[in-house]
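**Student:** For reference, the chains in residue letters:
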Amino acid sequence: SQKIEQNSEALNIQEGKTATLTCNYTNYSPAYLQWYRQDPGRGPVFLLLIRENEKEKRKERLKVTFDTTLKQSLFHITASQPADSATYLCAFNAGNNRKLIWGLGTSLAVNP
Amino acid sequence: DVKVTQSSRYLVKRTGEKVFLECVQDMDHENMFWYRQDPGLGLRLIYFSYDVKMKEKGDIPEGYSVSREKKERFSLILESASTNQTSMYLCASRGAGSYNEQFFGPGTRLTVL
Numbered sequence: 001s002q003k004i005e006q007n008s009e010a011l012n013i014q015e016g017k018t019a020t021l022t023c024n025y026t027n028y029s030p031a032y033l034q035w036y037r038q039d040p041g042r043g044p045v046f047l048l049l050i051r052e053n054e055k056e057k058r059k060e061r062l063k064v065t066f067d068t069t070l071k072q073s074l075f076h077i078t079a080s081q082p083a084d085s086a087t088y089l090c091a092f093n094a095g096n097n098r099k100l101i102w103g104l105g106t107s108l109a110v111n112p
Numbered sequence: 001d002v003k004v005t006q007s008s009r010y011l012v013k014r015t016g017e018k019v020f021l022e023c024v025q026d027m028d029h030e031n032m033f034w035y036r037q038d039p040g041l042g043l044r045l046i047y048f049s050y051d052v053k054m055k056e057k058g059d060i061p062e063g064y065s066v067s068r069e070k071k072e073r074f075s076l077i078l079e080s081a082s083t084n085q086t087s088m089y090l091c092a093s094r095g096a097g098s099y100n101e102q103f104f105g106p107g108t109r110l111t112v113l
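The listed protein sequences derive, respectively, from chains L and Y. In terms of the working numbering, the first sequence opens at residue 1 and continues consecutively. In terms of the working numbering, the second sequence opens at residue 1 and continues consecutively.
These are computed hints drawn from the structure, not numbers from a lab. Source: prediction; values computed, not measured. Yeah, the Cβ is synthetic: ideal placement off N, Cα and C, and Gly gets one too. Each hint can be trusted.
Between beta-carbon pairs, the in silico distance windows are:
| hint | chain 1 | residue 1 | chain 2 | residue 2 | range |
| --- | --- | --- | --- | --- | --- |
| 1 | Y | Glu62 | L | Thr18 | 39 to 49 angstroms |
| 2 | Y | Met27 | L | Pro40 | 19 to 29 angstroms |
| 3 | Y | Val12 | L | Arg42 | 15 to 25 angstroms |
| 4 | Y | Val12 | L | Thr68 | 41 to 51 angstroms |
| 5 | L | Arg58 | Y | Ser80 | 42 to 52 angstroms |
| 6 | Y | Ala96 | L | Arg58 | 21 to 31 angstroms |
| 7 | L | Arg58 | Y | Gly95 | 22 to 32 angstroms |
| 8 | Y | Lys13 | L | Lys3 | 27 to 37 angstroms |
Below, a sample of chain L positions facing chain Y; criterion: calculated Cβ distance under 10 angstroms:
| hint | residue |
| --- | --- |
| 9 | Ala31 |
| 10 | Tyr36 |
| 11 | Leu47 |
| 12 | Leu49 |
| 13 | Arg51 |
| 14 | Asn93 |
| 15 | Arg98 |
This is chain L alone, in the form it adopts within the complex (with noise of 0.2 angstroms):
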């Protein structure tokens, strides 16, 4: 079945370096991409989409990219921020585009 995971261990690193999350996906291959973030007790907010023919996307310090061939997208923050910790999600559509595969979030702290 579609399959989407992220690193499941917390990411922690300092104010100022540059924050790069995993998503890899199996068994599928998806027309888009789409990463969220997500604050504790909240809905998750979009980011950035990424097509299936779009190496790479760049919306002010962040940055996606997309690897068919590795089946893989990697998502920076660069420049990090405290204010940056959160819970980062990817998630790709399923086959009829109606709905997403959702991967179960990444946690990045921001060290000051």
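Keeping the supplied structure of chain L fixed, place chain Y upon it in accordance with the hints.
**Tutor:** Structure of chain Y alone, referenced to chain L:
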């Protein structure tokens, strides 16, 4: 500013009660979703609706039903609440078109005693 609102942030109910969770979006979106989120299990889709009066089961529909009588409103119903339905419930909406993102509400933390 786009908005998805949910009727309650916190709700406490007793086993066997009928529970209604309401979700309203003001973006004229065709698609609406109900998820539950539990530690270690992530977001799990309960039901979704792609049009008024249309619904489709998600991954864990057992014990739940939904209603979508108007485009802006999507209700989740727990016919007879059980303790294993204690969870964070999240509603989301999405516009038509393949590449649109989902907009989430603030969530309802439901406790069933």
